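J.: As you go down the protein sequences, you meet chains A and B in turn. The opening residue of the first sequence carries number 1 in our numbering; numbering runs sequentially from there. The opening residue of the second sequence carries number 1 in our numbering; numbering runs sequentially from there.
Treat the hints as calculated values from the structure; they're not laboratory data. Source: prediction; values computed, not measured. Any given hint might turn out to be false.
[To be verified] Derived BS3-like pairs: lysine-lysine, alpha-carbon spacing no greater than 27 Å straight-line:
#	chain 1	residue 1	chain 2	residue 2
1	B	Lys372	B	Lys153
2	B	Lys372	A	Lys50
3	B	Lys267	B	Lys336
4	A	Lys110	B	Lys372
5	B	Lys267	A	Lys136
6	A	Lys151	B	Lys269
7	A	Lys5	A	Lys25
8	B	Lys140	B	Lys397
9	B	Lys92	B	Lys9
10	B	Lys92	B	Lys67
11	A	Lys118	B	Lys402
12	B	Lys70	B	Lys336
13	A	Lys5	A	Lys151
14	A	Lys239	A	Lys226
15	B	Lys267	B	Lys140
16	A	Lys165	A	Lys25
17	B	Lys67	B	Lys227
18	A	Lys165	B	Lys372
[As the list claims (entries may be wrong)] Residues from chain A that keep clear of chain B, each with C-beta distances beyond 10 Å, as calculated:
#	residue
19	Gly64
20	Gly92
21	Glu105
22	Val249
The beta-carbon is built from N, C-alpha and C at its ideal position, and this holds for glycine as well.
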Amino acid sequence: MITIKNLHANIEDKAILKGLNLEVKAGEVHAIMGPNGAGKSTLASILAGKEDYEITEGSVDFDGEDLLEMETEERAREGLFLAFQYPVEIPGVSNINFLRTAINEKREHKGEDPISAKDFMALVREKSKLVELDAKLASRSVNEGFSGGEKKRNEIFQMAMLEPKLAILDETDSGLDIDALRIVANGVNTLKSDDNATIVITHYQRLLDYIVPDFVHVLYDGRIVKSGPKELALELEEKGYDWIKEELVEA
Amino acid sequence: MNNNLKFIKGLTPTNLSVNTNAQKNASNVLDTTDLPTTRTEAWKYTRVAKIGKIDFTNEATTVTSIKGKKVIDSPYTLVFVNGRFSEELSAKSFPEGVTVTPLSTLEGITTQEEFEGDIFGALNLAYLNDGLHITITKNKVVDEPIQVIHLLKGDAQLSNFKVQIDAEDFSKATVVQGFFSEDSNNSFVNYTSDIQVGVNTYFTMEKIQDEEAGNFHIGTDTVTQDKDSTFTINTITLNGTLVRNNLNIAVNGENCTTNLNGGYLLKEKQHVDNHTVVDHKVPNCNSNELYKGVMNENSTAVFNGKVFVRQDAQKINAFQSNRNVLLSDNATVNSKPELEIYADDVKCSHGSTTGQLDDEAVYYLRARGLSKSAAAQLLVSAFIAEVIAEVENEDVKSYIYKRLNERFGWDINPEDFG
């Protein structure tokens, strides 16, 4: 699905990613953990196509295409989805209206006809139920006046509407109470299939009780320094990151 | 003789029944006043020198049809071409309670007599071509809007035009004014209005400015409100090279509501200047002012909004906001919201913002698959929809959205923006 090789990236001449390697196959869930400032959100932003970063080395292959050559919107239309850590409030633009535009841009990209109003509304009803998002919120301005939990559920609602091949959840669990966390995780698990993949970026092991990863990676100082099965997350929760730093120094 | 307005010698003084005192004062102002320059505070950002260089005339032109030059389909439409009343193209009958009289048929036109150096007001009166007087009879509620079309036809035409509206006590009505031009360049509408809003009266004015590029529009609306009345004016500027709107509202009675909204969507070298004054002279009134602009290419907007709250005018709620989006590095906005408050128990606010589209929002929308231009269109539409939503008449709204599509390619579905 996605193969990241030796990725180096700077922001304003400061190196953030320093040779990151990661491969995610269809049907898999990967968790990326790591201390603050390790480059987790930078990785998410670079994959989504944010323009603030300079890629100095490396490659990203997304289903046979060079992801780094694609515009942000092309990546989305090809099936990459980023659930934002801080979803943006857009006053005056209705969630529904913008999602219909997004779906139709994607369909046009694939050479399909626009979705009918009836099918679209049926989809909204089905998917908003999945994340228990009030139908009223679905039709309000994008994220405007939403609580933190509502914003995150709205991200997963959009993900459900757009049915991506690869979803990247950037600290979607931060700030969620246990009920909201369950709802979000349930949404992600329901959408999971053999054809799509998920990268879960998180600070806390707690989320991984609900979204069970196939692999856990530790991102530290711009590189993946340790990978392991889901039990690695528990170990990190228990022991923190210092032992990994020590291991690195020893090596 | 005025050296700035050379074209005056080619014009015929008004033959309308304007009182002699006003006429004398007007020609006095014209004799002694220069065109304002940018050294004049009220014209600091708007240059009108070009107007003085054009040899304007005023020709009676016969137009057989106004074709698309209308805002709405209304059986109560009045048409003026180059400031002259077109009997053939105008409605003959009006809803019950509405009396419409061309000024050219009125004996004794009552209007302001002092011009305080206002050269355009003086020019308007001294060379008044025509205009109309509309009376909404006491207690009458008129559901159908009355539409007034001002059409400029031909090059270098000057139209001096006046609208007088007397909305009598307890009445309710809407007047839609559409300003258009056909095959015109360097033509100039010099417009004034006197609007009286009676006791407990609801009066709404929708002004749509859509003259072709290359033409000038200077207008002054003078409004007085009696107690318990609600006056709303929405000014939407869609085209024209130089547009200056003066709006002076005197709130003379208590418990009034005043809504003044404006939208301007500019491109090329368009220049639009909105100068508004709301004068709260008495207590217990509300005024709401929202002007929003979207600026493309080399366009310029000027906003100067003044709200006076006089010493005795306690318990006033006055809100004023001017917000602009710049879509080009070459567009300019000069915005000056002003509050002058002499009372001590009031709730007033004013604000002005000018900026580009929110980069984070554009990125967020693109990350969902929208192209850059679709994202920008969605954000601009949402921005301007807030002020267009203040337009009460649905057909007027449709006209605005149709024109935005034609001019900017913005395909906006109003329902998406409430």
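J.: Looking back at the numbered hints, which does the structure fail to meet, lowest number first?
T.: 1, 5, 6, 9, 12, 13, 15, 17, 20 and 21
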